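**Q** Listed below are the residues making up each chain.
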Amino acid sequence: MEDFEPKIIAFLCKWCTYAGADLAGVSRLKFSPNAVPIRVMCSGRVDPSFVLDAFAKGADGVLVGGCHPGDCHYAQGNYKTLRRVKLLKMLLKDMGLEEERLRLEWISASEGNKFREVVNDMVIKIKEIGPSPLKKEESK
Amino acid sequence: MDTNSSSPRVGVFVCHCGSNIAGTVDVEKVAQEISKMEGVAYAGSYIYMCSDPGQKLMRETIEKEKLDRIVVAACSPTLHEKTFRINSKNAGLNPYQCEISNIREHCSWVHEDKAKATEKAIKITKSIVEKVKNDSSLTDIEVPITKKAVVIGGGVAGIQAALDIANGGYKTYLVERDSSIGGKMAKLSETFPTLDCSQCILTPKMVEAANHPNIELLTYSEVENVSGYLGNFKVKIKKKPTSVKWDICTGCGDCYPKCPVKVPSEFQEGLAKRTAIYTPFPQAVPNKPVIDRENCLYYQKGICKICEKICKIGAIDFEMQEEIVEVDAGAIVVATGYQEYPLQNLSDYGGGRYPNVISGLKFERLLSASGPTGGQVLRPSDGKPVKDVVFVQCAGSRDIEEHKPYCSKICCMYTAKHAMLFKHKVHDGNAYVFYIDVRTAGKDYEEFYYRTTEEDHALYTRGKVSKIFEDGDKVVVWGVDTLTGKKVEIRADLAVLATAIEPSSGIMELKQKLKVSVDENGFLKEAHPKLRPVESMTSGIFFAGAAQGPKDIPESVSQAGAAASKVLSMFSADFLHKEPLICEINEDVCSGCGICIMLCPYGALEAEITTKDNKETKRSKLNEALCQGCGTCSSACPSGAATMRNDISKNMFKMIEVILE
Numbered sequence: 001m002e003d004f005e006p007k008i009i010a011f012l013c014k015w016c017t018y019a020g021a022d023l024a025g026v027s028r029l030k031f032s033p034n035a036v037p038i039r040v041m042c043s044g045r046v047d048p049s050f051v052l053d054a055f056a057k058g059a060d061g062v063l064v065g066g067c068h069p070g071d072c073h074y075a076q077g078n079y080k081t082l083r084r085v086k087l088l089k090m091l092l093k094d095m096g097l098e099e100e101r102l103r104l105e106w107i108s109a110s111e112g113n114k115f116r117e118v119v120n121d122m123v124i125k126i127k128e129i130g131p132s133p134l135k136k137e138e139s140k
Numbered sequence: 001m002d003t004n005s006s007s008p009r010v011g012v013f014v015c016h017c018g019s020n021i022a023g024t025v026d027v028e029k030v031a032q033e034i035s036k037m038e039g040v041a042y043a044g045s046y047i048y049m050c051s052d053p054g055q056k057l058m059r060e061t062i063e064k065e066k067l068d069r070i071v072v073a074a075c076s077p078t079l080h081e082k083t084f085r086i087n088s089k090n091a092g093l094n095p096y097q098c099e100i101s102n103i104r105e106h107c108s109w110v111h112e113d114k115a116k117a118t119e120k121a122i123k124i125t126k127s128i129v130e131k132v133k134n135d136s137s138l139t140d141i142e143v144p145i146t147k148k149a150v151v152i153g154g155g156v157a158g159i160q161a162a163l164d165i166a167n168g169g170y171k172t173y174l175v176e177r178d179s180s181i182g183g184k185m186a187k188l189s190e191t192f193p194t195l196d197c198s199q200c201i202l203t204p205k206m207v208e209a210a211n212h213p214n215i216e217l218l219t220y221s222e223v224e225n226v227s228g229y230l231g232n233f234k235v236k237i238k239k240k241p242t243s244v245k246w247d248i249c250t251g252c253g254d255c256y257p258k259c260p261v262k263v264p265s266e267f268q269e270g271l272a273k274r275t276a277i278y279t280p281f282p283q284a285v286p287n288k289p290v291i292d293r294e295n296c297l298y299y300q301k302g303i304c305k306i307c308e309k310i311c312k313i314g315a316i317d318f319e320m321q322e323e324i325v326e327v328d329a330g331a332i333v334v335a336t337g338y339q340e341y342p343l344q345n346l347s348d349y350g351g352g353r354y355p356n357v358i359s360g361l362k363f364e365r366l367l368s369a370s371g372p373t374g375g376q377v378l379r380p381s382d383g384k385p386v387k388d389v390v391f392v393q394c395a396g397s398r399d400i401e402e403h404k405p406y407c408s409k410i411c412c413m414y415t416a417k418h419a420m421l422f423k424h425k426v427h428d429g430n431a432y433v434f435y436i437d438v439r440t441a442g443k444d445y446e447e448f449y450y451r452t453t454e455e456d457h458a459l460y461t462r463g464k465v466s467k468i469f470e471d472g473d474k475v476v477v478w479g480v481d482t483l484t485g486k487k488v489e490i491r492a493d494l495a496v497l498a499t500a501i502e503p504s505s506g507i508m509e510l511k512q513k514l515k516v517s518v519d520e521n522g523f524l525k526e527a528h529p530k531l532r533p534v535e536s537m538t539s540g541i542f543f544a545g546a547a548q549g550p551k552d553i554p555e556s557v558s559q560a561g562a563a564a565s566k567v568l569s570m571f572s573a574d575f576l577h578k579e580p581l582i583c584e585i586n587e588d589v590c591s592g593c594g595i596c597i598m599l600c601p602y603g604a605l606e607a608e609i610t611t612k613d614n615k616e617t618k619r620s621k622l623n624e625a626l627c628q629g630c631g632t633c634s635s636a637c638p639s640g641a642a643t644m645r646n647d648i649s650k651n652m653f654k655m656i657e658v659i660l661e
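Protein sequence lines correspond, in order, to chains G and A. Residue 103 in UniProt numbering sits at position 103 of the first sequence, and the numbers go up by one each step. Residue 609 in UniProt numbering sits at position 609 of the second sequence, and the numbers go up by one each step.
Treat the hints as calculated values from the structure; they're not laboratory data. Quantities reported herein were computed from a predicted structural model and do not represent experimental measurements. One or more hints might be untrue.
[Said to hold, decoys possible] One-sided and incomplete, this derived list gives chain A residues near chain G with beta-carbon spacing under 8 angstroms:
| no. | residue |
| --- | --- |
| 1 | Ala117 |
| 2 | His212 |
| 3 | Met537 |
| 4 | Pro601 |
| 5 | Ser635 |
The C-beta atom is built at its ideal place from N, Cα and C for all residues, glycine as well.
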């Protein structure tokens, strides 16, 4: 358990959170390397099946990053995401996955530091709860 | 569109970016690992992929290895995606079959452990290779441009931007929420570093804008809603009811002297009164009055109507309603400017409590020949001459704990100007200035400051003011001289706070309407702080002036010119090229359920009913020009009929797979 390094997939919307993560880079902020980003045009592009697929393939956590409410580049995509993530969390709970494993965050293009904090915090929390139960079953 | 039937030949180019990437990521190992992937025909690294030799190497490799698509593992796609797409196009590939793996901003710059960073760089790059393998060859969509512009904000930046666009030959709507254009600059007394009279240099521009055949002034108006996209915006503008028919009003000015209502004048910063029917200042453009309904006796109590009786031509219209006009525009310039940080927030300095503790703009009105005192420096409390004045710089600026963290930039210079002008008017007076640092970066600015201290003998003290309080009819300023370490107490007639400046009220609502971002201080966020300082992240929307950050007049004017030139270069083409990365409906799969139609924020999808063999079929139909490619439809489509070009779900599953391997 000591050397457990969570695998996290981060779906980042192109306009806000991806740019916020870019800013973290430009500002040379240091944080955990566990989250691998995938750029999507909008957080609304995050099909629930992407999240489920990630967990099925062994992700310990999934981060979805979008624009703050009211700021969505595509007007309302992030509201759709908000609803989907709420439903997904209920579904994941029924599947025996802890709520902390799926995280939706609003991170703007100017919030490089917030991106760092969210990733670090997510890594700490997932380290506490351990590897995904789906993964454990697989390895049994 | 090709279907990628033959097996792809992917080339992967890993950039060292000097030591920016190679310092933390083992670029050779990345190339080595990627070369093992199926479909990868070439993987190599180079010190600077974006350099000429780097791009040449790329083109030569494409030819030599017969590559049909490429991945560049380098910096963020916001920087060089375009460079590499053009380069691959020049090498005969389709630009949309070139993808960027961001291993700098998202990897080498944010991690320290080389092994872990390398591992992550491999994962990111693998996922992008999976993406590019399924990318189709696409062509840009041509969209016609509406060659008209909307400029929001009628201060000096907005006026300049409107004039420059109009002089370029295009219709420009200049929207201003006050009844006159002019903005903050109209309130200033003189301007640094030349001491030009502010109104004398601004009013010719105001008049030029008003008379320009290509400019339509929409004053006393606010932007209500913005829809559409680059080249084809629809801007709904609310014209607030002026209660005066401007089309027939001659601006004679007979009405307002007779109005019985007296309220503090916004233009005079509360130092004088205005009436309920008023123009903000004598040189207002347009020089037509409005009725302030909040204070007018008729609107409040149903009595009076004196102005209606006086107006010979019958221009007063108490029943006037607000009106919404919709204009089409290809581009929008946002120049909404700044406001002063509220004095009330500076309670240690008695801001808002003591009449003789005032803001910089109020002092401008005291100095101004068109001000309430005719340019005499008199105390607001009792109208007595001011002998001793204390200027407090950084009042609310550069204060991370309690106020604004940033430097408001203009205050050092305007305080130097204030002190100088005060000494010019009151020869035996004393001008004391408390400062943290004096920042005079700008042409002729240091010389101006030097003149204030050396010729006009303003007394500068390095240190912060801790407290200001009233004692009798004086204001007492307590501070410390940090150069000598001694406490300083000055009994003065007037204290002028160089208050921080912040974005104008309403910026938060406006940025939501425009879908542009602001930074943590509420200033408009540009697409790139250094290289794209007047563009927003939303194509077709540009910034000018202090709405984007504290700025003085020369900077606002030059930024306005820059924004206008961006608009003009856009308008010089007949069509805009839009990225084809949008939705696609597979008609064979679509069941016509209509979920996507409900979700689309742009109304780009609509139901189409076709009849074939006496059978009606319902399908979703896409309007390519309206679709912006967000993908919300695709992630909700139950049958997978709505897909995103070069971002199909099948890809995503492969990308997830290689990341989690």
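**Q** Can you give the numbers of the hints that this structure goes against, from lowest to highest?
**A** 2
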